[in-house]
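Engineer: For the record, the sequence lines run as chains Y and P.
Under the numbering used here, the residues of the first sequence are numbered 1 to 547, in order.
Under the numbering used here, the residues of the second sequence are numbered 1 to 97, in order.
FYI, nobody ran anything at the bench for these hints, they're computed from the structure.
Take the hints with a grain of salt, since some may be wrong.
To be verified - Taking lysine to aspartate or glutamate and the DMTMM-like style, the derived pairs with C-alpha atoms no more than 25 Å apart in a straight line are:
{"#": "1", "chain 1": "Y", "residue 1": "K90", "chain 2": "P", "residue 2": "E9"}
{"#": "2", "chain 1": "Y", "residue 1": "K280", "chain 2": "Y", "residue 2": "D346"}
{"#": "3", "chain 1": "Y", "residue 1": "K541", "chain 2": "Y", "residue 2": "D487"}
{"#": "4", "chain 1": "P", "residue 1": "K10", "chain 2": "Y", "residue 2": "D87"}
{"#": "5", "chain 1": "Y", "residue 1": "K315", "chain 2": "P", "residue 2": "E9"}
{"#": "6", "chain 1": "Y", "residue 1": "K81", "chain 2": "P", "residue 2": "E7"}
{"#": "7", "chain 1": "Y", "residue 1": "K526", "chain 2": "Y", "residue 2": "E513"}
{"#": "8", "chain 1": "Y", "residue 1": "K77", "chain 2": "Y", "residue 2": "E12"}
{"#": "9", "chain 1": "Y", "residue 1": "K77", "chain 2": "P", "residue 2": "D84"}
{"#": "10", "chain 1": "Y", "residue 1": "K81", "chain 2": "Y", "residue 2": "D104"}
{"#": "11", "chain 1": "Y", "residue 1": "K90", "chain 2": "P", "residue 2": "D72"}
{"#": "12", "chain 1": "Y", "residue 1": "K90", "chain 2": "P", "residue 2": "E7"}
{"#": "13", "chain 1": "Y", "residue 1": "K77", "chain 2": "P", "residue 2": "E57"}
{"#": "14", "chain 1": "Y", "residue 1": "K90", "chain 2": "P", "residue 2": "E86"}
{"#": "15", "chain 1": "Y", "residue 1": "K81", "chain 2": "P", "residue 2": "E9"}
{"#": "16", "chain 1": "Y", "residue 1": "K90", "chain 2": "P", "residue 2": "D84"}
{"#": "17", "chain 1": "Y", "residue 1": "K167", "chain 2": "P", "residue 2": "E86"}
{"#": "18", "chain 1": "Y", "residue 1": "K167", "chain 2": "Y", "residue 2": "E278"}
{"#": "19", "chain 1": "Y", "residue 1": "K167", "chain 2": "P", "residue 2": "D72"}
{"#": "20", "chain 1": "P", "residue 1": "K10", "chain 2": "Y", "residue 2": "D487"}
{"#": "21", "chain 1": "Y", "residue 1": "K512", "chain 2": "Y", "residue 2": "D499"}
{"#": "22", "chain 1": "Y", "residue 1": "K167", "chain 2": "P", "residue 2": "D84"}
{"#": "23", "chain 1": "P", "residue 1": "K10", "chain 2": "Y", "residue 2": "D98"}
{"#": "24", "chain 1": "Y", "residue 1": "K167", "chain 2": "Y", "residue 2": "D234"}
{"#": "25", "chain 1": "Y", "residue 1": "K213", "chain 2": "Y", "residue 2": "E228"}
{"#": "26", "chain 1": "Y", "residue 1": "K167", "chain 2": "P", "residue 2": "D45"}
{"#": "27", "chain 1": "Y", "residue 1": "K315", "chain 2": "P", "residue 2": "E7"}
{"#": "28", "chain 1": "Y", "residue 1": "K90", "chain 2": "P", "residue 2": "E74"}
{"#": "29", "chain 1": "Y", "residue 1": "K81", "chain 2": "P", "residue 2": "E57"}
{"#": "30", "chain 1": "P", "residue 1": "K10", "chain 2": "Y", "residue 2": "D338"}
As the list claims (entries may be wrong) - Where chain P lies over chain Y, by a calculated footprint (3+ residues, C-beta under 8 Å):
{"#": "31", "region": "27-34"}
{"#": "32", "region": "383-396"}
Beta carbons: idealized from backbone N, C-alpha and C, even for Gly.
Residue-level listing of the chains:
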Amino acid sequence: MPEPYTVVIGLEVHVQLLTESKLFCGCSTRFGSAPNTQTCPVCIGMPGSLPVMNRRAVELALRTAVALNCEIPHFTKWDRKNYYYPDLPKGYQISQYDLPLSRDGWLEIMVSPLPSGEGPGVRADVLEEGPHPNPLRAPTEGWSGEGTSSTKRIGIIRAHLEEDAGKSMHDEAAGKGDSRIDLNRTGTPLLEIVSQPDLRSPEEAKTYLTELKLLLNYLGVSDCNMQEGSLRVDANVNLHINVAEKGTAPEKGIVPLLLRGQSPFPAAEGIIATPIVEVKNMNSFRAVERALAYEAQRQYREYQETGRKLGEAPKSTRGWDEASQTTRLQRSKEESSDYRYFPDPDLAPVIVTEEEIEQIRADLGELPAALRTRLEQTYGITPYDSDVLVNQGRPLVDYYIELAEACGDGKLASNWVQQSVLRTLNERQIGIAQFPVRPAALAELLSVVKSGKLETVRARDVLQAMLETGKSAAEAMQALGIVEVDDAAVEALCRELLDANPKIVAEVQAGKEKGVGMLIGQAKRKNPNLNAARFRETCLKLIQGMN
Amino acid sequence: MSLTRAEVEKVSLLARLLLTEEELGWMTEQLGAILEYMALLGEVDTTGVEPMAHAVEVSNVFRPDGVQPGLDREAALANAPHRDAECYLVPAVLGEV
Ligand SMILES: [Zn+2]
Numbered sequence: 001m002p003e004p005y006t007v008v009i010g011l012e013v014h015v016q017l018l019t020e021s022k023l024f025c026g027c028s029t030r031f032g033s034a035p036n037t038q039t040c041p042v043c044i045g046m047p048g049s050l051p052v053m054n055r056r057a058v059e060l061a062l063r064t065a066v067a068l069n070c071e072i073p074h075f076t077k078w079d080r081k082n083y084y085y086p087d088l089p090k091g092y093q094i095s096q097y098d099l100p101l102s103r104d105g106w107l108e109i110m111v112s113p114l115p116s117g118e119g120p121g122v123r124a125d126v127l128e129e130g131p132h133p134n135p136l137r138a139p140t141e142g143w144s145g146e147g148t149s150s151t152k153r154i155g156i157i158r159a160h161l162e163e164d165a166g167k168s169m170h171d172e173a174a175g176k177g178d179s180r181i182d183l184n185r186t187g188t189p190l191l192e193i194v195s196q197p198d199l200r201s202p203e204e205a206k207t208y209l210t211e212l213k214l215l216l217n218y219l220g221v222s223d224c225n226m227q228e229g230s231l232r233v234d235a236n237v238n239l240h241i242n243v244a245e246k247g248t249a250p251e252k253g254i255v256p257l258l259l260r261g262q263s264p265f266p267a268a269e270g271i272i273a274t275p276i277v278e279v280k281n282m283n284s285f286r287a288v289e290r291a292l293a294y295e296a297q298r299q300y301r302e303y304q305e306t307g308r309k310l311g312e313a314p315k316s317t318r319g320w321d322e323a324s325q326t327t328r329l330q331r332s333k334e335e336s337s338d339y340r341y342f343p344d345p346d347l348a349p350v351i352v353t354e355e356e357i358e359q360i361r362a363d364l365g366e367l368p369a370a371l372r373t374r375l376e377q378t379y380g381i382t383p384y385d386s387d388v389l390v391n392q393g394r395p396l397v398d399y400y401i402e403l404a405e406a407c408g409d410g411k412l413a414s415n416w417v418q419q420s421v422l423r424t425l426n427e428r429q430i431g432i433a434q435f436p437v438r439p440a441a442l443a444e445l446l447s448v449v450k451s452g453k454l455e456t457v458r459a460r461d462v463l464q465a466m467l468e469t470g471k472s473a474a475e476a477m478q479a480l481g482i483v484e485v486d487d488a489a490v491e492a493l494c495r496e497l498l499d500a501n502p503k504i505v506a507e508v509q510a511g512k513e514k515g516v517g518m519l520i521g522q523a524k525r526k527n528p529n530l531n532a533a534r535f536r537e538t539c540l541k542l543i544q545g546m547n
Numbered sequence: 001m002s003l004t005r006a007e008v009e010k011v012s013l014l015a016r017l018l019l020t021e022e023e024l025g026w027m028t029e030q031l032g033a034i035l036e037y038m039a040l041l042g043e044v045d046t047t048g049v050e051p052m053a054h055a056v057e058v059s060n061v062f063r064p065d066g067v068q069p070g071l072d073r074e075a076a077l078a079n080a081p082h083r084d085a086e087c088y089l090v091p092a093v094l095g096e097v
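Chain P on its own, in the form it takes in the complex (with noise of 0.2 Å):
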């Protein structure tokens, strides 16, 4: 199972990662060999093993329905690279095209 350029090129989209066509060569190799690893585990015969949805086997963690103090706003904007007295500033997001 190799991966081709053109997959990495779509994931580095969708992880809104610009790579140069130097970079988009070396990450298909090495990204392709980790898949290629990780293939190993399709040789494990798991017939007759139930398909887990989870990797620990707990259910039902749940808290009780109540306020607890979070952050204040100034310790919750304190990393935001742009701000103004309230708010994240981002570039404009527009809905229509």
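Looking at chain Y on its own, in the form it has when it is part of the complex (with noise of 0.2 Å):
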């Protein structure tokens, strides 16, 4: 029985914009350092200094933006939020508030229609070889692959670039003791992008993150490297709960939410809004995932215990606590959620022309929607297969352009680059740079399957023998002792098998062709060349011909 709510997710993710030195000093932001070695008067908040805007980190901000199909203000200026907490040392972030350099923009994500929670649905000849090795992302759960996938837009509310705080670390173990401070990451530029509350289920919210991931990684704007703080993710979740349908009385003037004060976010009559969390700590996708389904339950328990409505209790934040899988509440950082933002005196503010929006457009270069759709369109793939090349990053794409330009057939380059290539890369742990075997070496080789004269299991042994030994095909299937088998020789053991096996011939002609299957292993005993399918063809062809 599906649920009697829908969960609202609205995220917001913090990505590190790949500069060399920090937004508005020249500190170096390169991560890992040790503590404390890379601050200077601006970032650790001396009284007299001043910030001087990163050019690059604008432009990065700012391709981003253009990219999110974002609308890109001509005047965009900063302001202080103040705050105080230890990581903090001004005592205010630098961050943007009713101007942001960017605003109501989207992404489009590939949906599953099926409602959740009938299972994954991958399509079998992929899963062939068990789950898909080394990707930067796993096909997306849930998605039932061909033909049966939807795109929807996820509205982007602003995307801004602000400073970045340090990093207190607190030893738990020891108990009481001091937090301690590090100020490396201080002032690093982070650009925050916000979705709309679009996303409507856990699965979608991941969805969208890694596309979005794709997305900065084509770009290059960031690494986005979660374990190093480069990608951090927040999420806004609530449920709307359908009352209506229980006899309840609908709900009059629900007061319409406003997410970060641009949202409006209203639940419809006869649907109860509960009081929505943010959730932090998630250390990866999966975690976010997991996240929102715990807290979708734990709110919708919640709502069931107090009847407790949006606006009746203030928003809250909890934690994500990996280890016992569960969300906790925090202490919010400060008393009351008011910053006093204001203009921050020391910076000038930006404009940014027509021209050189256009400019930042034409220098986009293809995004991973624009690749898909002419992967499926060039080669003949199906988009579940042009979202997995594509997801591996461009480097791969652009290997699987050359194999499927030399080899002349899409779907078997396709095949061969998710299954035997990412498989190789996977366990060799290199990228497709340092795959020994380049696009028209393999090309020469999927030819020979192509033809039907090597069986796929054959020709991966070849493969595997070219890796090895850096050989061509030609040369790896002559020291493999591979020859092709020839139609002559292929007829001659159908006959010698069916001669010697009447009664499967007798099964074939009764219309269960299943019986000659059990002839291919003999076959293949016979002549390990041989190709099963091709055998098999040819046996019901023989078996046809004797009536």
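Using the hints, build the complex out of the two chains.
Structural biologist: This is the structure:
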């Protein structure tokens, strides 16, 4: 039975932009240096120091905003967000309040039309060799592959440029002691990307994050490394519970919620919205998915126990606890969310012209969505296949394109890249640039496979030999003693086995074609180079001829 | 435009200033007087005047993205009330309630 509610999710994603130096000073942004060795008077908030904007950070932010289909206002400025926290030495964060550098964009994601809970339906031919190897992302769960996926636009409220805070470290085990503060990260440029509450399930949230990360990857604006904190996710989640069905009087005048003062987020009549919870501390996309699934169930339970609706309890913050797989209530940073924003008098506003935006647009390059479409149209592969390939990053796509062009069969090339190539990359922990067999050499092997003269299983052995010895396809086949089996040899073998097994012939004549399969094992023992499919076809043809 | 005592209490909390009852009294009075004085600006007729986002008419002040030497750690930690060999020390920061 489906749940009597809809999960409503909006995500705030912070990505660290790939700059050498910090947003307002020349300190390095390098990760992993000894604590407090990358600071200066500007980023640790010494009186009298003055911030100066990093041009590259603004460029990367604008590049992302344009790729997210945002409007780029002509004029943008920076504001001080005031709060006290030990990792914030100035007592305020330089951020953007009412005039962010971009707003009102969207990102398209692929969603399954199936209601969640019907389980993943990944296509069997891709699962042939087990779960997908070495993905930048795994194929989207719950997505049923060919022909059944559809796209959905997730609104972007805004993307703005701000500075990061420092890092506080506390040794929980040591008990009460002090927290240690490292300010190396303070002032690192972050782009905060705020989505509309358009996501309707934890799976959709994960899909959105995966697509966003892929886009940032193609744009080259961030390394998106969650372990190093270059991509962080906070989620706002609540439920819209359908109460009309149970005969409850429809709720009148539900107060529209303003998410970050931007987006009206009303519930319709007959629908009750639960108080919004902000979930933090999620260290992977999988954790986001699990935390949201947990939170949805928790909120429903809480609603059943307390009947509390949106507006009857303040927005709360909960942290995801990986160990217990639950969310826990957190102390909020400020007693009041009164940040007393005001324009930073130390920073000049930025004016962006139409020409500059057009230049950025022209320089974006081919982005994932367009690339998928091109692969599908040019090489005749399915949306599922183009998704898997594009998700591996541009260098792998380039390898694929070269292979498909050289062997003249996009579908075959796609299967081999997804199975053999990716598996090897995964096993050897290497990138496609280090893959020893270049597209032209692999294409030579695929041409033999395509002709039907070499079985896929044997061809994989050949590729393995090519990988190990650096030989060409022809040389490797020779070394393995693989000879192409000609039609006459296949036919002779079929006749021999059919003559020896009249029972199977009779079965096939009675309509049970499966019987032929029993002979394949024997045939392969007699000639390991035999192509099973060809053997099967030839047998069936011969039996037909016997009628 | 005058301040209430509750407003001053809230602002002092946000500023992490612990004011005595007596201080709250005269702070409310003095801060209120400052705001009243500033309210004079409200009498200027601003019809047709574009609001400004910044006091100076400059824009697009950038620096190139390059690393410059900063402070060495000893200098950075020099004024810290509490520190260890590497870090500033502060009273425990714990996420959970
Ligand atoms: Zn600095």
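Engineer: Which of the numbered hints are not met once you compare them with the structure shown?
Structural biologist: Violated hints: 2, 9, 20, 26 and 32; rest satisfied.
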